[in-house]
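The lines below spell out each chain.
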Amino acid sequence: MTTALPLLGYAVAVAWWAPALLARLTAGGVSARLGLAAWLTAMASVLAAAAVALQFLARSAVDGWDRLAQVVCRSVSGQACTATGYQGAALEFALAVIAIVAGLTAAALAWRYGRSVQRAQRLTRAHADVARITGRRLPGDDRAVVLDAAQPVAYCLPGRPATIVVSSGALTLLDERQLGAVLAHERAHLAGRHHLVIALTRGLAAALPAVPLFARGAGHVARLAEMCADDAAARRSGRGALLSALLAMATGAAVPAHALGASACAVTARLHRLVDYPGPARRARYGLTLAAVTILLALVPVLLAGFAGR
Amino acid sequence: MRGFGDLEAVVMHRVWDHGSPVTVRELFDELARERAIAYTTVMTTMDNLHRKGWLARVKEGKAYRYTATASREEYSARLMREALDGGGDTQAVLSHFVAQMDGEESEMLRAVVRRLAERRPQ
Numbered sequence: 001m002t003t004a005l006p007l008l009g010y011a012v013a014v015a016w017w018a019p020a021l022l023a024r025l026t027a028g029g030v031s032a033r034l035g036l037a038a039w040l041t042a043m044a045s046v047l048a049a050a051a052v053a054l055q056f057l058a059r060s061a062v063d064g065w066d067r068l069a070q071v072v073c074r075s076v077s078g079q080a081c082t083a084t085g086y087q088g089a090a091l092e093f094a095l096a097v098i099a100i101v102a103g104l105t106a107a108a109l110a111w112r113y114g115r116s117v118q119r120a121q122r123l124t125r126a127h128a129d130v131a132r133i134t135g136r137r138l139p140g141d142d143r144a145v146v147l148d149a150a151q152p153v154a155y156c157l158p159g160r161p162a163t164i165v166v167s168s169g170a171l172t173l174l175d176e177r178q179l180g181a182v183l184a185h186e187r188a189h190l191a192g193r194h195h196l197v198i199a200l201t202r203g204l205a206a207a208l209p210a211v212p213l214f215a216r217g218a219g220h221v222a223r224l225a226e227m228c229a230d231d232a233a234a235r236r237s238g239r240g241a242l243l244s245a246l247l248a249m250a251t252g253a254a255v256p257a258h259a260l261g262a263s264a265c266a267v268t269a270r271l272h273r274l275v276d277y278p279g280p281a282r283r284a285r286y287g288l289t290l291a292a293v294t295i296l297l298a299l300v301p302v303l304l305a306g307f308a309g310r
Numbered sequence: 001m002r003g004f005g006d007l008e009a010v011v012m013h014r015v016w017d018h019g020s021p022v023t024v025r026e027l028f029d030e031l032a033r034e035r036a037i038a039y040t041t042v043m044t045t046m047d048n049l050h051r052k053g054w055l056a057r058v059k060e061g062k063a064y065r066y067t068a069t070a071s072r073e074e075y076s077a078r079l080m081r082e083a084l085d086g087g088g089d090t091q092a093v094l095s096h097f098v099a100q101m102d103g104e105e106s107e108m109l110r111a112v113v114r115r116l117a118e119r120r121p122q
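Chains as they are written, first to last, in the numbering used here: chain A, 1 to 310; chain B, 1 to 122.
None of these hints come from the bench; they were simulated from the model.
This structure is a prediction, so every number in the text was calculated from the model and none was measured.
Treat the hints with care, as some may be off.
Claimed, not checked - Computed beta-carbon distance windows for the label pairs: (1) B:E60 with A:Q118: 41 to 49 Å; (2) A:W111 with B:N48: 44 to 52 Å; (3) B:N48 with A:A292: 53 to 61 Å; (4) B:T41 with A:L296: 53 to 61 Å; (5) A:A23 with B:A56: 51 to 59 Å; (6) A:P139 with B:E74: 22 to 30 Å; (7) A:D142 with B:E34: 16 to 24 Å.
Stated by the list, open to error - Partner residues are not named here, just some residues of chain B that face chain A (Cβ under 8 Å, in silico): (8) E8; (9) A9; (10) M12; (11) E26; (12) F28; (13) L31; (14) W54; (15) V58; (16) R72; (17) E73; (18) S76; (19) L79; (20) A83; (21) H96; (22) M108.
Glycine included, each C-beta is placed from N, C-alpha and C at the ideal position.
Construct the complete structure from the given sequences, taking the supplied hints into account.
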């Protein structure tokens, strides 16, 4: 049991304290890709540490089962057992129950999450089929189709084949370089499999809303994924083209009543970042710090598990 | 032509452009003028589109006459609705180039534009 405690302590500490640190390091989106890696590593690290700790708890409960059964029998049959033995057994029994309940809950949540992902995939495939049949081809990119719609809209549909949808409203708003930037942004989402990353972190946030790392992490991950795609688009078409494309698309768009919250994709944060693009010194400083944090987050649970396993 | 899915798109666009009900033969004659294509390919494609609900057909003599079940505009409008208010249902909403914004954010955005304008020389 005591071997599991450092791991549990680590998981709790990272889950509750890492968000503030990571939010500070990644707020401006300096080295967005490393920032994304740091958040995801923190989440993986907490989940792994918690899983290994639970496994140790369950194992120690199973190892102590004989003793536990003896103690319970003796106490039921009326023969008094020593107070310390009884307490130890009760504690072990409680831990075993916690480990089993946690394991079952995790399995149920994973199953529900799998179902919702499957449903999203089915709907996305149906949407893409209709888009590919209805849309006109956009010359220059075999995956892109144009739909007739006044609102300036661009998005991608992962799958095989992947599809990028651009509305005719967006086409009239953008010049050739700006359109190149928008397409490069969407291609970066597809290449980076951002939909999986975002769906996974949103699923964790929905399953564990009381854990700050997951509750706050999903929004940060979505924003950093947008910024990673922005970086790819800026490399391809230049920051100016991307910035003006963002402004055109954002201000030309109608705002429906059910608008997503500001945190959804944080257009303003992305714009600020493109306007005040950090210099190489600041990028290097943030990059090194984030890399160090990521490596620590990856290594600590492995070391703790190694010690606990001995 | 890149694949079977593309042929479905080509056929649908032809049917939409036609306006009036069209037979496989008529559509094949049109397509054969522009590309090497077999009659049976066109027939299979139209049959598939009928099975998937894209085309409705009425028997006329020995052949079917096909019409689109909905216009191109109706499909586009439906897709846009889905993409904009999917509420997390499709993966499309996760990848919008810009998200829909609330009043506060669009105000902040205008502030960014103003700052950019001030920065530019002249």
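- Message: Hint compliance check: list the failing hint numbers for this structure, sorted ascending.
- Response: 2, 11, 12, 13 and 15
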